[in-house]
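Q: Relying on the hints, combine the two individually framed chains into one complex.
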Amino acid sequence: MKLKLGIIIAILCMAIMQVNAQEIKTTIDTVKIQTSAKCNDCKERLEHNISFEKGVKSVELDNETKILTVVYKTAKTNEEKIKIAITKVGYDADEMPADQKAHDRLPACCQKDADPH
Amino acid sequence: MKKYVLIACLFLWPFTQIYAQQVKGGVFEMIGGESNPLIGANVVQLKTLNGTTTDAEGHFNLNLERKAPQKLVVSYVSYQTDTINLNETGYGHVHITLNKLKDLDEVEVVSRKSGSHSLRTETRGITSINEGELQKAACCNLSESFENSASVDVSYADAVTGAKQIQLLGLAGLYTQMLTENIPNLRGLAVPYRLGYVPGTWMESIQVSKGTSSVVNGYEAMAGQINIEYKKPDEKDKFFLNLYGSQMGKVEGNLNIRFKLNEKWSTAILAHAEYFGIKHDNNDDSFLDDPLIEQLNLFNRWKYKGDNLRMQFGIQYLKENRKGGQMDFNPEEPHDAENGYGVGVKTDRYLGFLKIGYILRNRANSSIGFQNQVVYHDVISFYGLNNYNANQFSYYGNLMFQSYINDTRHQYTTGVSFALDDYNQQLNDTTWIRNEHVSGAFFQYTYSNYKSLNLIAGVRLDYNNLFGWLFTPRLHAKYNINEHNMLRLSLGRGFRTANVIAENTSILATSKQIVFTKELNIESSWNFGLTYTAYIDIGVKELSITTDFFHTRFNNQVIMDREENPFIVYIYNLDGKSYSNSIQVEAQYEPVNRFELKLAFRYNDVKTTIGGELKEKPFVSKYIGLLSASYQTNLKKWQFDLNVQVNGDQRLPYTGFNPEPYQRPERSPVYAILNTQITKYFKRWDVYIGGENLTNYRQDHPILQANEPFGDYFDSSIVWGPISGIKVYLGIRFTIRK
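Residue numbers (the numbering used here), protein chains in the order written: chain D, -10 to 106; chain W, 11 to 748.
Be aware that one or more of the hints could be misleading.
30 Å max Cα-Cα, derived BS3-like pairs, lysine-lysine [what the hints assert, rightly or not]:
id, chain 1, residue 1, chain 2, residue 2
1, D, K101, W, K77
2, W, K274, D, K32
3, D, K70, W, K690
4, W, K248, D, K77
5, D, K46, W, K81
6, D, K101, W, K289
7, W, K315, W, K246
8, W, K646, D, K101
9, W, K34, W, K77
10, D, K101, W, K248
11, D, K46, W, K551
12, D, K70, W, K693
13, D, K(-7), W, K260
14, W, K289, W, K646
15, W, K241, W, K522
16, W, K690, D, K21
17, D, K43, D, K55
18, W, K246, D, K70
19, D, K43, W, K81
20, W, K690, D, K65
21, W, K690, D, K62
22, D, K(-7), W, K690
23, W, K81, D, K65
24, D, K62, W, K315
25, W, K242, D, K70
26, W, K365, W, K274
27, D, K32, W, K242
28, W, K647, D, K43
29, W, K333, D, K32
30, D, K90, W, K270
31, W, K646, W, K248
32, D, K(-7), D, K21
33, D, K77, W, K693
34, W, K551, W, K260
35, W, K81, W, K551
36, D, K101, W, K242
I should point out that these hints are in silico values taken from the structure, not numbers from a laboratory. Please read these numbers as outputs of a predicted model, since none were measured by experiment.
Chain W on its own, in the form it takes in the complex (with noise of 0.2 Å):
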């Protein structure tokens, strides 16, 4: 008897299943008072990753799931979104017509977002970072944007010049690839600095991705991208201005205004100042712990937005001035060893961007993109008696063409593009010019069944007047095992160029000497990664957890080695293995109403061959542990945040064949950092105060012979912690709403 039960309960249980309602429809669009249909457009249970697409007649056909919501969400690209509420239109024939979007651009918020989230419909792995959450570190700049998020790490470079990494999956903040609305930026020159250049408060997102990204935005992009979105002329507030100030001295201002100057054109003007004139030297070494800095930042842009033309250029000038070194040392005096040990940067930095978009009228879906981008950089720089000037001449083009074959499930990008660096630098008696031009061509396609499988499948063939043909090819896939479970794949290979000076300026502030052993080549690696993502609800709230694992593997890497003699540092080509492995899990949670916790902790195994022998590569922390927290009260009136940073242990450079008293153990300390943030909304301005560092932890003695720097052992470079400790901040935002 309890058989034939069971075996009933077998057969039934399918349809208990089925008997969920099913729903058949079509999508259509009107054009000239005639229904077209739409191929390809995204229908989605609401709340559900259950869904479909049209298919060539526009028509769809849905099995819902009884406990979500019974409404369906209809998309297409460049069409306005609809949500269409099924117990007033029935099930049987659903007739959904859908509105061309006047512009592209146009993004409708629905509700409160976590401030760092990962985009769930992406294929590659995104994570997102948008204004709530820039402005929980109300301080600064790009350095600071990321002190939520799991996967970029922000270190210091050196004791002297405040400059400040990042570092994903483990490795330099070279191999991530930066982008300014997805055009390459911060490159070459930039690179020691670049983190002050991006006022925080400029910023309306950021897009962080690790692995190889899309072959259309080059072959640099080796470990991760990172794309930067700025405030848009036409969007949002109108007048916008943030004031800060911290205890240690440092004043800061921005403003940002936006006009509409009609129905096509808007523009706006982002500006940005800083100033730190106060010296602090709470170590005792003789040395400013914080470097002096004085920085202009300003950035006008336009938008033309016509039916089908689409425009944006603007400007950018950005002078900054540093200066660091021994407390007594006057820059206005002869830089030589009665004067004392200073270092002073000067950079001025001009850049101008040309966008241009074409939507094809009778072709849904497609369009031409033509991106343009100058770049002139100059930096006159000193460290000691080290003198360094150079400047960086960039030019930057990328056409592309997007469409569909067949329907818009398999959609590509192709194009062709140009990208130009010449570079001049000096380096006390040496001079080096290098003329980089590299040309290429790519084709991506992308298909995108937004039910189980999403794929981005790209190549890219460039030629570099330096190294040759490259060849590029990259892989993404995104499947769904089902709502509550994803799996995402990536395979890519990526180059870069190294600027070898640039790029290790603190080496500059060491008494050590550069010395090239060979001619440097391309560097290049292939990366892979898995992420699996899980989605468990909890009560009325959803609890992800994110797993990721990512191998990179370089052929060629160029190798900074200062372990072999104390008083020479050999730059030369990978010879042996060097690769970077990383494991990180990452769990977000909404135990209470508006109260988000965010936990997450990654293993970093970083080797590279330094000398002949595989090591550990130095500044490059063990594991990382990271705690999360931010509450808001009803209505957004309050909010507080809260995180601490777990540093795990690092190994330093070797400095055992240095005399005793400048010798550094083999590994760092672990340590945690501790910031928070209160923030008091009112209907027009906003009261933040903060504190990082509070446990006011320091790296002890970073420099090694501060009292002798012009002897043979002085270093700066040897920083793993933080060498000032609590800063405590004040400020105020005022905005005028659109």
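If we strip away everything but chain D, and leave its shape as in the complex, we get (with noise of 0.2 Å):
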């Protein structure tokens, strides 16, 4: 038993160390991009959808400026790619405008002309 769960922690112990090792080796660029988000679902629905985007390595959604700082990795996306994504969800992304479509399906609440709340 005690052999059983040391093999069980070895290699959850591997695959961590595995994870880490692939994130050091690429080159790594962050970009600031002022959005159209009025409030905290924005920033949640902002950063759960951008994360989700290839070569991302974090994301965060300023409260007060609702500039969004992503940090990703150049050999696999580009400030550009970030911006239609960003679109994509619904909003602004400094002097690119917001997918029509998908502004639309937002809440009352998170769309452009709503109030700052």
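A: The structure is reproduced here in structure tokens:
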């Protein structure tokens, strides 16, 4: 029983190390993008969706400025692709306007003409 | 010379401390363009416990800690919490205006909180288990939700029904009051199978508190309280589907749909169905290891959110069918010795609730609340040749008024409540009818001085038509020694009416007879608890260590005495001492980012006078050890969870008077249970795979005289460990977010 437990823990540890080892090699860049997010729901929605974009390593929306900070691997994605992804969630990304269909699907409180709250 | 330097240092030392910035300001609200002071608003430095409350003019004065961020968190009940950056505003006259919250329930989640965490600012010691934690044990229902909780133990009640019971402080789950959204629920006839009545994916969070609880919810919480919050109609995901299957053949589906009809109305439909139809007998005792289960559970709830008026109501229907017993028993044929030993439990449960809240417009922090619930529970069952049919009708109503005295540091809740329970039970040829109604009034005072002392003192007086007047005082206090050390104290009384048959259905699955030797009194106890929590900074992370001690002393308890006679279980009132002492140490730390570790140890000393002799209570582990580890990869793409629980030895009921083959050792062995789960998250899908009881630990021969189930010594109730072995499961979740 002890042996089994040991093996399981070892495998788990190896899996964790593997994940970390992969992260170190590639080149990393950071971009700050002004979005049209309105509220905390917007923040959750944007962070969740963008985190599943290829190459994205971290993503955080500033609640005050609504600036989205994205850290990404340059080999896998670029600034433009990230901005397009933001517009597809339904928000403006710097000069790029939101995808109209996606924007209209957002709850009323998250659309561009909603009062900031 | 040295002396002077020392003295100078001593004098200067306080100044270096004071040199830390002082900040002055006021907290206000805007009413019709005028700014009005907010009295008793909390002003706390970010990431510290360093804080103060505003005075009668709304002013405050605070010495800041240098090391911590120069930011203030300003909060006030029913107002939006604001964070003020002092580097921007300056320190002299900070004028803070708070906006009224549109919705009282609005909660903002700031960062990833550990799955199960103790709530720092609560006066009572409350551990909250959130949705993230609930998903760690993907399977099924409430009974699996406590896998990572050090305070709550879950065990099997017997070897034939699959019923599970919780224990808190080493005391049976009966002594823990269960609430759903702050209304007492899952009482009476629901007790034996109640953990199966709450599907895991319906729950938003669970709050566990040890010791007696608030007087607002009645006198029942004797050892602790567990409150379950279901998913709300107007929050989070629009659509959620969960499908689950195990290698044993159990399948389960959950569907949650939420609609927001307009700004004020929203509704949710929560549905759960499970089916387990494959007979297993891996220990070859001719009995099913796990009973066959069919369950359908439906819940529709509504929420109305006006400016001042809030309302929630809903209806729930549950149907469950359990079949257990011998492999070749056929429930369609007559239930007799020829057919074999069978168990069947058919349950229908109907529930409706209505909650109304009214927020007073002209007085901050004041509201009126009215909770109502009706339950009808019907059970038709047989255990071998024992037939047990029963139904219960219950109503619960609680009218509360909440406000403050002088300023909002002194708050109170007062009100009246009425509870009615009509039981109709029939065991073979005996019928019991009990109509119990309890009318009560309560007053609870809450003092909150954020900085040091918080106090909740409550009293309630109830009149019970069967047991007369009952007086319940309760006190909870929390003292912050400093921002890293806090002390909590709880003291209180509790009562409970026992429902002997429903609470001991495991005895029906034995050859024993139940004999009541006396008229039973209401159970009553005092509970005392002391909790010390220390937060220690190690590197950037905080190690939290909680040590608690709880003592429960019964003045009266219903004793189930099975140690006198092999064929009879005597039920009588406690005559002598009965107590529980429980000491627990729990440490939590995040050594690497997103890797959480929890280690806990508890020692139980639970003794009861049975047959004139003070004995260790059976089926209580002498000690419990828990290790739980959880790792989440960056951006929560993968999650790995592992937990190990070590169960100490338990005293087993005396079997020395049985013939030798039907005797069992005095104590159970020590054993460990290992569970694990891996979850992969996609944008809309989650896939999880997990295993329970991975070391495949099983209790051998759980049933006495299994070969002759209608013999004199048949007993399926001596269960101290898992009966079925390793369980592997796979599931998917699909979510459409708001």
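Q: To test your reading of the hints: which numbers does this structure violate?
A: 1, 6, 14, 15, 19, 23, 24, 25, 29, 32, 34
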